[in-house]
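Protein chains in written order, with this note's numbering: chain A, 832 to 1720; chain B, 6 to 110.
Calculated from the structure, these hints are not laboratory results.
If you're wondering where the values come from, they're calculated on a predicted model, not measured in any experiment.
Just to be clear, a hint being listed does not mean it is correct.
[Said to hold, decoys possible] The following residues of chain A were derived to be distant from chain B, with all beta-carbon distances above 10 angstroms: (1) A860; (2) A936; (3) F951; (4) H1119; (5) Q1157; (6) G1198; (7) L1285; (8) E1403; (9) E1409; (10) S1461; (11) L1482; (12) H1583; (13) A1636; (14) D1638; (15) G1668.
[Said to hold, decoys possible] Here are the computed distance ranges between Cβ atoms for each label pair: (16) A:H873 to B:R23: 26 to 36 angstroms; (17) A:R926 to B:T99: 38 to 48 angstroms; (18) A:G1233 to B:D45: 26 to 36 angstroms.
Cβ atoms here follow ideal geometry from the backbone N, Cα and C, with glycine treated the same way.
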Amino acid sequence: VNQGAPRPPALGRWLLRLAARADRVDSEADLVELFHLRLHAHGRAYARRRFVLDALSVVTRTHPHTVRDSSTRGVRLRMASMIEDIRFALRLFRRQAGVMSLAVAGLALAIGVNTAAFTFVNALQLRPLGVPEPERIVHVHQAYGPQGVRFVWDYSDVMRLRDQARSMRAEPWLNAWIRITSSAASADLEAARAVPAALIGGAFFETFGGRARLGRLIGPQDDHAAAPPVAVLSYVYWRSRFGADPTVVGRTVFLSGVPATVVGVMDPAFTGPFENPPVIWQPLGSAHHVVPWVEAVSPASRQPVNVIAKLVDPSALERAGAEASQVIVALRALRPSAPADDRGPTGARLRAASLEGDAGISVLVLGIVGLVVLLACTNVANLLLASATSRQHEIAARLALGASRVRVARQLLTESLLLSLSAGALGLAIAIWMVPIIAGLVQVPPGLDVTPDLRVFAFTGLLSLIAGVGAGLAPARFGARGDLLTPLKGGARDPGYRPNRTRAIFVGVQAMASMLLLVLAALFGRAAMHTTWMDLGFDPSTLMAGQPRPTSTDPQGARTAAFLENALARAESLPHVEAAAVALFQPLGGGYMPLSLPADLGHLAVHENRTSAGYFRALGLKTLRGHTYSAADVRTRKLVAVISQRLAVDLWGEADAIGRTLERLQAAPQRGMPDLASFRVIGVVSDAISSRLNQAEARQVYLPLQDGDAAAAAHLLIRTREPAATVARSVQQALQAVDQDVRLSWTLTSDHLDRSLARIRMFSTLTGILGALALGLAAVGLFGVASFAASQRLAEMSVRIAIGATDRDIRRLLLRDNLRPVMLGLVAGLGTALLGGQFLAGVLYGISPRDPLAMSVAVGVLASAATLAVLIPARRAARVDPARLLRGF
Amino acid sequence: VKGDRLGEFEELTLLAIRALEPPVYSVPIHQFLERMTGRDLTMGAIYSALDRLEHKKFVTSTLGPATAARGGKAKRLFAVTKLGVHTLAQLKGTRERIWRAIGAR
Chain A
832 VNQGAPRPPA LGRWLLRLAA RADRVDSEAD LVELFHLRLH AHGRAYARRR FVLDALSVVT
892 RTHPHTVRDS STRGVRLRMA SMIEDIRFAL RLFRRQAGVM SLAVAGLALA IGVNTAAFTF
952 VNALQLRPLG VPEPERIVHV HQAYGPQGVR FVWDYSDVMR LRDQARSMRA EPWLNAWIRI
1012 TSSAASADLE AARAVPAALI GGAFFETFGG RARLGRLIGP QDDHAAAPPV AVLSYVYWRS
1072 RFGADPTVVG RTVFLSGVPA TVVGVMDPAF TGPFENPPVI WQPLGSAHHV VPWVEAVSPA
1132 SRQPVNVIAK LVDPSALERA GAEASQVIVA LRALRPSAPA DDRGPTGARL RAASLEGDAG
1192 ISVLVLGIVG LVVLLACTNV ANLLLASATS RQHEIAARLA LGASRVRVAR QLLTESLLLS
1252 LSAGALGLAI AIWMVPIIAG LVQVPPGLDV TPDLRVFAFT GLLSLIAGVG AGLAPARFGA
1312 RGDLLTPLKG GARDPGYRPN RTRAIFVGVQ AMASMLLLVL AALFGRAAMH TTWMDLGFDP
1372 STLMAGQPRP TSTDPQGART AAFLENALAR AESLPHVEAA AVALFQPLGG GYMPLSLPAD
1432 LGHLAVHENR TSAGYFRALG LKTLRGHTYS AADVRTRKLV AVISQRLAVD LWGEADAIGR
1492 TLERLQAAPQ RGMPDLASFR VIGVVSDAIS SRLNQAEARQ VYLPLQDGDA AAAAHLLIRT
1552 REPAATVARS VQQALQAVDQ DVRLSWTLTS DHLDRSLARI RMFSTLTGIL GALALGLAAV
1612 GLFGVASFAA SQRLAEMSVR IAIGATDRDI RRLLLRDNLR PVMLGLVAGL GTALLGGQFL
1672 AGVLYGISPR DPLAMSVAVG VLASAATLAV LIPARRAARV DPARLLRGF
Chain B
6 VKGDRLGEFE ELTLLAIRAL EPPVYSVPIH QFLERMTGRD LTMGAIYSAL DRLEHKKFVT
66 STLGPATAAR GGKAKRLFAV TKLGVHTLAQ LKGTRERIWR AIGAR
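Please put together the full structure from these sequences, using the hints given.
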């Protein structure tokens, strides 16, 4: 036989197995022969299709010599028999109420949790861009040569682009995080969470087709510096915060402490062309009242803004790009004062706006979802299998009375479908109830609409159907295959119990899926704990950072440097300020300079920061050895360094680091950064995770600030006496008074921390819930299987006890037999987790994906739950009275 | 239940068995009928027709020798009984009389 020869389709072969034995033997050879005839005459697809149809016809055909039942008659009778099936199933459920409600509850919980998880994935990832005609929306950036790109434009340049581009309508926008309160009280402000706001031009809504649900939208009349601050609320925020109150229009809300009038509520369909849907919309023109780092815009303003545009038609992309490039080139010619090193923009780059998002995470979530559904299906299948086995007598009686095997299979399928559909309905209710709770737990972006939509309902329906058919098919096959004689002869107490392979595989798969989920939950839990209680090495709650924005009027940074120096002095005299410092990088703000050391010192990821002398006090770092550099050292640009304890240990172990020299590999010097070749270590300070949260180790080198650091946008760091959120505004105003022309963008360090933490908390909560659910399902399922096996083997156990087996022997025997598939599944799950773990490395914040603690916790929890689930029925079996049972033999 | 009379498809199947060269088994019958009627037929329909024909004693079947080509499975070989031949001839006679009546008008 030719090995590559096409085989008849598996579906057809599987169908044939449902046929009565006599039919099967005859027809199989015929159908295969026909398959090959058709293959030659009409091709593969035709042959496969006809094979399945033939198989179906063989299974469903009527026999002249069998008793006709309702399944062989017309449609009306078939309907009647279906209702009969359903009624029978309901009667059966009532008889086994306990087991069935367990199955429905388990399945409902699984479907519910998964529907909830899917709701989030749906809202976060599968949502289309919240504007009409999203295919026409593009982001417009400035290109610097073939590689470089600058995302922002000067406001005045955007105005020119808007006037000159014919193939697109360009609009400026910015996003900001603001706190919305109902009063100006500082206690309110402190309690409020920062929410994303979109700052937009006056023509934005007209361009992108926004519609108001209530009131009006922002128009050109709102978009100038003298206009009073107004705001439009997103539909989701209006519903969640204002209870969909229609009188909200005209009300005053406080945006970061500044009163603004609510003029309208957005239509739910319009969430904007941005990746994160904003909670509130504000005109750029009056945003300078609310957002400290935005200046009052005017046609000549150099305020940096993002640009998003709508093409006149989808094919205009290239034309629009060329037009934007022309505008940029023309603008450059207008500004001969551009830096001499010729680093001006060379053209425009257009990028289609889409929600690519974090595909990996959706895959992960959907993968977990799939696992839990698999688990629940296996469980219900197990349960039904057990019930099908115990119903052998009934099924044999049906077959003996002339029911066709298809008829019996249909009965069993009806039962499982009924089971899963009721579980689906219950699951949907659970999901709808759970989504707001989870949303609160995981802190979803507040602008996001997480109410279930049609796609979610379709998902639940499909899930229930898959669960029902998946769980029903195996028992259906089993039930339809059973031989007639043994059960009718009273074989329900068949002493020849054989461990069932199908059931063992189910248990194994279940153990494997639980193991995977438990490992995930343990890992994320560890990571969340690690980040929550991680010692950052400094207190972020009373820290704020202001960054002067580079301006074209001060290319060398001399004015900014002077400002920073004056502001530093001014800050230290303010009542709310404990300490102040200047540093190139702010804590947790991301961004750092990797420092490459000579090879003999090893290849360590070392973060470099350059700071003023007060940095260590402002951050609260303890000096462990030597001393930190002084203000005079900084002023004279001394080549000295302070390093973190961790780096000192990694480089020199126990030996003293003071006085040693660190040399840097000569990397290409960055623009504006002095090329520091070597420096002497004068002090060791305590560790601080100060670059970003997932920075694994606190290896840090601190150097005195250099000339040019100010131009490279150093940060002014303020350590406040009270929580930074409460005093931020007065500090900002006081410092801005030092020089009105140097604008600062302010951030609270705790905001950085919150944003970094939100994601990992979300994952640990979700996987924790799913993992607990999986464990519960697995334990319940295993308990069911073990009880069933024990009851089936009661006669065998009685004989064993009668001939001298002890309690312990019986227990050990049952434990061993039942736990073997669990252990195999456990090992398989552990292996999969170890192999697949590397995909998670990025989101675990320093916890290794093969973290031994997480792994052993997961193994321990699963093993003990499984043992417990098996031990209870095993003990019961061991206590059986052999005399009573054997008498009934 | 159609009693001892022939249904349309049964008649066609019976005719096919007569028309075919031996060995006459399900697959050639199916192929022949598909070709002659121009319809897609399922094997289930063929089996049912053959079962009924045998039940009504219009055909007999014997198990042929096992053939290697069919994975060692034997073919069930069909032959039309005298009753079958007689019934077919009767049916044909009836039809022809009716058609003649139509043609004469």
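Now the hints, each set against the structure:
no.	hint	verdict
1	A860	violated (4 angstroms)
2	A936	holds (42 angstroms)
3	F951	holds (47 angstroms)
4	H1119	holds (76 angstroms)
5	Q1157	holds (65 angstroms)
6	G1198	holds (41 angstroms)
7	L1285	holds (38 angstroms)
8	E1403	holds (92 angstroms)
9	E1409	holds (87 angstroms)
10	S1461	holds (94 angstroms)
11	L1482	holds (74 angstroms)
12	H1583	holds (69 angstroms)
13	A1636	holds (47 angstroms)
14	D1638	holds (53 angstroms)
15	G1668	holds (47 angstroms)
16	A:H873 to B:R23: 26 to 36 angstroms	holds (27 angstroms)
17	A:R926 to B:T99: 38 to 48 angstroms	violated (58 angstroms)
18	A:G1233 to B:D45: 26 to 36 angstroms	holds (31 angstroms)
In the structure shown, a violation is registered for the earlier hints numbered 1 and 17, in ascending order.
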